[in-house]
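Protein chains: 4
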Amino acid sequence: MTSTKPFLSDNAAPVHPKVWEAMHAADSADNPYDGDSLSSELDERFSALFSRDCAALWVATGTAANCLALATMVQPHGGVVCHEEAHIEVDEGGAPGFYLHGAKLMLCGGEGGKLTPDGIAGLIDPIRDDVHQIQPHAIAITQASEYGRSYTPDELAALEAFAKERGLGLHMDGARFANAAAFLGANAAAAAAGPVDSLAFGFIKNGGMSAEAVVLFDPAQADLVKYRRKRAGHLQCKGRYLAAQILAMLEGDLWLENARHANAAAQDIASGCGDRLMHPVEANELFVRLSEGERDALRVQGFAFYDWGEDAARFVTAWDTRDEDAIALGKAIASL
Amino acid sequence: MTSTKPFLSDNAAPVHPKVWEAMHAADSADNPYDGDSLSSELDERFSALFSRDCAALWVATGTAANCLALATMVQPHGGVVCHEEAHIEVDEGGAPGFYLHGAKLMLCGGEGGKLTPDGIAGLIDPIRDDVHQIQPHAIAITQASEYGRSYTPDELAALEAFAKERGLGLHMDGARFANAAAFLGANAAAAAAGPVDSLAFGFIKNGGMSAEAVVLFDPAQADLVKYRRKRAGHLQCKGRYLAAQILAMLEGDLWLENARHANAAAQDIASGCGDRLMHPVEANELFVRLSEGERDALRVQGFAFYDWGEDAARFVTAWDTRDEDAIALGKAIASL
Amino acid sequence: MTSTKPFLSDNAAPVHPKVWEAMHAADSADNPYDGDSLSSELDERFSALFSRDCAALWVATGTAANCLALATMVQPHGGVVCHEEAHIEVDEGGAPGFYLHGAKLMLCGGEGGKLTPDGIAGLIDPIRDDVHQIQPHAIAITQASEYGRSYTPDELAALEAFAKERGLGLHMDGARFANAAAFLGANAAAAAAGPVDSLAFGFIKNGGMSAEAVVLFDPAQADLVKYRRKRAGHLQCKGRYLAAQILAMLEGDLWLENARHANAAAQDIASGCGDRLMHPVEANELFVRLSEGERDALRVQGFAFYDWGEDAARFVTAWDTRDEDAIALGKAIASL
Amino acid sequence: MTSTKPFLSDNAAPVHPKVWEAMHAADSADNPYDGDSLSSELDERFSALFSRDCAALWVATGTAANCLALATMVQPHGGVVCHEEAHIEVDEGGAPGFYLHGAKLMLCGGEGGKLTPDGIAGLIDPIRDDVHQIQPHAIAITQASEYGRSYTPDELAALEAFAKERGLGLHMDGARFANAAAFLGANAAAAAAGPVDSLAFGFIKNGGMSAEAVVLFDPAQADLVKYRRKRAGHLQCKGRYLAAQILAMLEGDLWLENARHANAAAQDIASGCGDRLMHPVEANELFVRLSEGERDALRVQGFAFYDWGEDAARFVTAWDTRDEDAIALGKAIASL
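Protein chains in written order, with our numbering: chain A, 1 to 336; chain B, 337 to 672; chain C, 673 to 1008; chain D, 1009 to 1344.
Hints are computed from structural coordinates only; laboratory data are not their basis.
Just so we're clear, the structure is a prediction, and the values are computed from it rather than from any experiment.
Beta carbons are placed, not taken as given, at the ideal position from N, Cα and C, and that holds for glycine.
Don't take each hint at face value.
[Unchecked claim] A few chain B residues facing chain D, derived, Cβ under 7 Å:
{"hint": "1", "residue": "H413"}
{"hint": "2", "residue": "D427"}
{"hint": "3", "residue": "G429"}
{"hint": "4", "residue": "G433"}
{"hint": "5", "residue": "F434"}
{"hint": "6", "residue": "K440"}
{"hint": "7", "residue": "V467"}
{"hint": "8", "residue": "H468"}
{"hint": "9", "residue": "I470"}
{"hint": "10", "residue": "G588"}
[Said to hold, decoys possible] Chain B stretches covered by chain A per the calculated footprint, using a threshold of three residues with CB under 8 Å from any CB of chain A:
{"hint": "11", "segment": "350-359"}
{"hint": "12", "segment": "364-373"}
{"hint": "13", "segment": "559-571"}
{"hint": "14", "segment": "632-646"}
[What the hints assert, rightly or not] Mimicking DSS-like on lysine-lysine, the simulated pairs with C-alpha atoms at most 27 Å apart in a straight line are:
{"hint": "15", "chain 1": "B", "residue 1": "K667", "chain 2": "A", "residue 2": "K18"}
{"hint": "16", "chain 1": "D", "residue 1": "K1026", "chain 2": "C", "residue 2": "K690"}
{"hint": "17", "chain 1": "A", "residue 1": "K5", "chain 2": "A", "residue 2": "K331"}
{"hint": "18", "chain 1": "B", "residue 1": "K667", "chain 2": "B", "residue 2": "K341"}
{"hint": "19", "chain 1": "C", "residue 1": "K690", "chain 2": "C", "residue 2": "K677"}
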């Protein structure tokens, strides 16, 4: 890829220098698997970050993180309510069906990729309470959503109340959790996670290499996740290199700093989009109405991005997006 | 861990400098997942190494590598013949049951952790050919074995002939494949793999960080493994860092060089063990009869290792074992 | 249940006298499982019925029959295209997810519960051919459909051509296959099954007690189904009583005779429904627009049936529906 | 099969006349599935029989009954301790692996097919308490055992105490539970079941046609089993015919009467066997040392039975075994 102004995705960005540094610092031999001194710090560090007790485990992908967390809430004969465009439904190659042993994803609509109690009720209330129909066991939401929207603390509280009332677990796919937290501002981590039961906290798109965290706000569930992580072939023997990445990202709030940078770049672009924007920009993704000709024109100027259907484009910023590229893109779109 | 003379395992050793170097060289953004230029080289590089056509995919653990390969051969209602002390049976937390959707491991004895056609026939011939009994679909062997023994090319040929005759797949768990290859000598890779159908080629214990290779000698199976790898949450978005590790290990036969070093260190130790050795040393592991008192005496001298039952110890050398430590250990045992 | 004029469902009707008779005739001891002389006749009898080579196995429920047949076509990482109101999606408690080890049901719309090549293409053409998205492996249709509609031979031929072109299996859920066959008329079995790859041929709703047939038009698949049937706990040791039921239903075309009776009763009702009918009546189910008050009025007259949403009712006739009840119901609706 | 003196197995015996009678009595339409009046009686009838609160559900095979009960105790990543010759290990085609989503059977020796706390401790105590090794979640025993041995109430109490201490569930495979109960005598049902958590109560080998009972002594588990039964395709729509079979067997203790008859016939045979007996006869199975020539001699006299290895035979009596046949067999063996 030789594009000089890349907005394809944040998922292939380079690794942040401080992450590299921490990985190198972990290079001397230590106990294998998660018995090393770095992995042992995770519970405490995340508990401090969220100001509530939690257990945290590294894992190499968001797909595994989501599925392992869901396995604490969903029996094989149950279902998971998620948005019809949720990553777990659309882009994880059936991983939930595998990890949950055939449980079902129950698809719900919702503006901007976000679920609401009313929307979920509309889906699950008609389900007959009998053995012929799959019953929901959990709700999975994405923060920021697949359309770059962030759930507010109030929205999260309402979802949690609904989940409790219905006896459902509440999981958050946080592949871009940092971007949502950065958008929501003060007391960022706690605000963005709200009262969810579990969180797949993403670091890879935000400057990491190969480590996400499964955060369990009921630490008693950690045991199950540890057995299932091993069983899924996700217990790496040199786990200290994954722990090191995560700790480096937490250190000095690098995770927030990186996300703020990406979000700011997204706003720079947004400022040129006017009512071309299909969704408010609340993280680091933009969905912009652009004709084929307009997209061609941008590409000629060196901007790289994906088409989004016939008449739109998706732009994603990252921790390493150059300010000048984002500003240039915003201007280029404004000039179309 | 502060032991100055570590022989606990090779699974937590540092990462080789050339592997670090290759990972850094991969740091500029490239296509995500396995669409990058490094991942794209794997098929060709492994085909050259084995002098036969194969497909090769990276994955983060040997457990996942074994299970994904076995999934090309074993239906959920079938079984896998393996040694009763095989890693997939004893140390993978039930991963084969998960990845193979409930297929069974069928346990076979065998000297030194090695299977033979006769041994396998003794296990499977009594199985009635009816639906009440699980039928074997594949054989899994470990090279080098869990007791540090290496299968010779003749032994591998005999197993393959047996497998073909019975219509079974033949998979090789090569967590320490390099050590077996280094032991077997000339034309190492091809000799050590023999005519197996698939190989989990280990790099992590031998100087890598987080990348093993699934090698499929029927490249037509690659598609299935790719879908299953994604479904298992093992398709990392920055896969180029895994490909880089593997390519660095293959470059200039670093994999063999590292294994030769570890094997030589094992021989240094072995030379002091006499008939204390429980198994011939054909790779980088030693199983040595030592009383509790003798083990204590060694530990007092700074040697770190695991007990092996009541009356023995296991020593493992690695790519970074210091010659002087190995020689010292050999002498220390001889002096007991 | 003491209703004198029952139209709730055909799934709880009594067992036909000839079925009872055949079961009693099977009472002397014979080989267990499917080794008895009756079970051994099934392949031949169904091959004759369909005028093409097939294997046939008994199983106790349509749910198991559907899932076992689908398991011959669908890998755990694949999907099954079915109607969004298909029984396998809505009423089988997640059995496909269980039997297919997490494979996905891919939901398609279609008038009257029927799928069309165009409809399916609209669903699957947008699926990216990459490992992030689940790929379809098979299509499942229901004959007669969940709305009592029958696929014509031409429609079936078009679906098969489409399936072949896309490399998909084609399975037919025939819980009410007999009613479709009776509706389609001459050469009924072959016409109603068309060129599908497998059929769950229902007998229970049509006068049987506890036996459906899995019919595999590629007999080479029988082995897999036999292993999976046992593995699912569906290989009954006194299987001869199930074979006896099926053979009794085939004998003298009792299955068609019973279905014709039920269909005729459905037409008797339909004749009083006029444009209240939501779907053409092509089998033994009627979906009729009726207000709550109208439904109450019918129930006061002794008719038993289920509501269908707010403004409609579902009536099902069976092999034992009394003509006078059906005629009376038709008149009662006409008089509303 | 035309043998006049059949001792092959009890699994293909005819259906008892009282069972037929009860099935016919159930022929009028009732609610489908398990909503009928007969199915609704089961909980109460079994609670009375065992003098403790339980839930009971019908299912068509012992394989399904065992697996559904085990699913209340065993997570997919766990294991079930059972005898190495247990039916669930040797003769259920991998059903536990399917129903338990890949959980492992952990094989334990034990005289006469019976497990003991010491034997189990010897198996599970060496298991490391870490995620690399599968942990046991339950114990499964067979009453009467695969060698026709019955657990005494004391033995059961010891197993339950052990299970509780280790936090394991305790399941009983009761394919021939009636024969054990008849052997144990007074207060038969409660004595034979002891304090187990669940029981697969067999009726089919003892005069039934197609109904076993899953008995759950923690009735709160019934819900899970109901969902899983449906999901496994085992919820028959005309379930009343299964409930009728079971109720007929319980009525007037027909189940015990039938078993007593079979047991008595077994004793008639045993009385001629002397020290040819490989196991004490505590139910309705005999394992008798007989050379090939001796077996031939018996077969010439019209006795039908299975070889048991090279130098023995297995004889099974049933509810319909003719006294004169059993006596004749005992004499014939004595005369060899």
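Hints, one by one, checked against the model:
Hint status for B:H413 relative to chain D: holds, with the closest Cβ pair at about 5 Å, below 7 Å. Because the closest C-beta pair between B:D427 and chain D is about 5 Å apart, less than 7 Å, the hint holds. Among the interface hints, the one on B:G429 holds; its C-beta lies about 5 Å from the nearest C-beta in chain D, closer than the 7 Å criterion. For B:G433, the interface hint holds, since its Cβ comes within 7 Å of a Cβ in chain D; the closest pair sits about 3 Å apart.
Given hint, B:F434 at the interface with chain D, holds; its Cβ is 5 Å from that chain's nearest Cβ, closer than 7 Å. Taken as an interface hint, B:K440 checks out: its beta carbon lies about 6 Å from the nearest beta carbon of chain D, inside 7 Å. Given hint, B:V467 at the interface with chain D, holds; its Cβ is 5 Å from that chain's nearest Cβ, closer than 7 Å. With a least beta-carbon distance of about 5 Å to chain D, the hint placing B:H468 at the interface is held under the 7 Å criterion.
With a cut of 7 Å, the hint placing B:I470 at the interface with chain D holds, because the nearest CB-to-CB distance is about 5 Å. Violation of the interface hint for B:G588 is found here, the shortest Cβ-Cβ separation to chain D being roughly 34 Å, above the 7 Å cut-off. Beta-carbon proximity to chain A at under 8 Å applies to 3 residues in the segment 350-359 of chain B; the threshold of 3 is reached and the given coverage holds. Evaluation of the coverage hint for the segment 364-373 of chain B: fulfilled, as 6 residues show C-beta separations to chain A shorter than 8 Å, against a requirement of three.
Here the segment 559-571 of chain B counts 7 residues with a CB under 8 Å from a CB of chain A, which clears the bar of 3, and the coverage holds. Counting residues of the segment 632-646 of chain B whose C-beta lies closer than 8 Å to any C-beta of chain A gives 0; at least three are required, and the coverage claim is violated. Restraint check: the Cα-Cα separation between B:K667 and A:K18 comes to about 44 Å, which exceeds 27 Å; the hinted pair is violated. As the CA atoms of D:K1026 and C:K690 are separated by approximately 20 Å, the hinted pair is consistent with the 27 Å bound.
Between A:K5 and A:K331 the CA atoms are separated by roughly 13 Å; this keeps the pair inside 27 Å, and the hint holds. Straight-line distance between C-alpha atoms of B:K667 and B:K341 comes to about 14 Å, which keeps the hinted pair within the 27 Å bound. Using a Cα cut-off of 27 Å, the hinted pair C:K690 and C:K677 holds, with the two alpha carbons roughly 24 Å apart.
When each numbered hint is compared with the structure, violations occur for hints 10, 14, 15.
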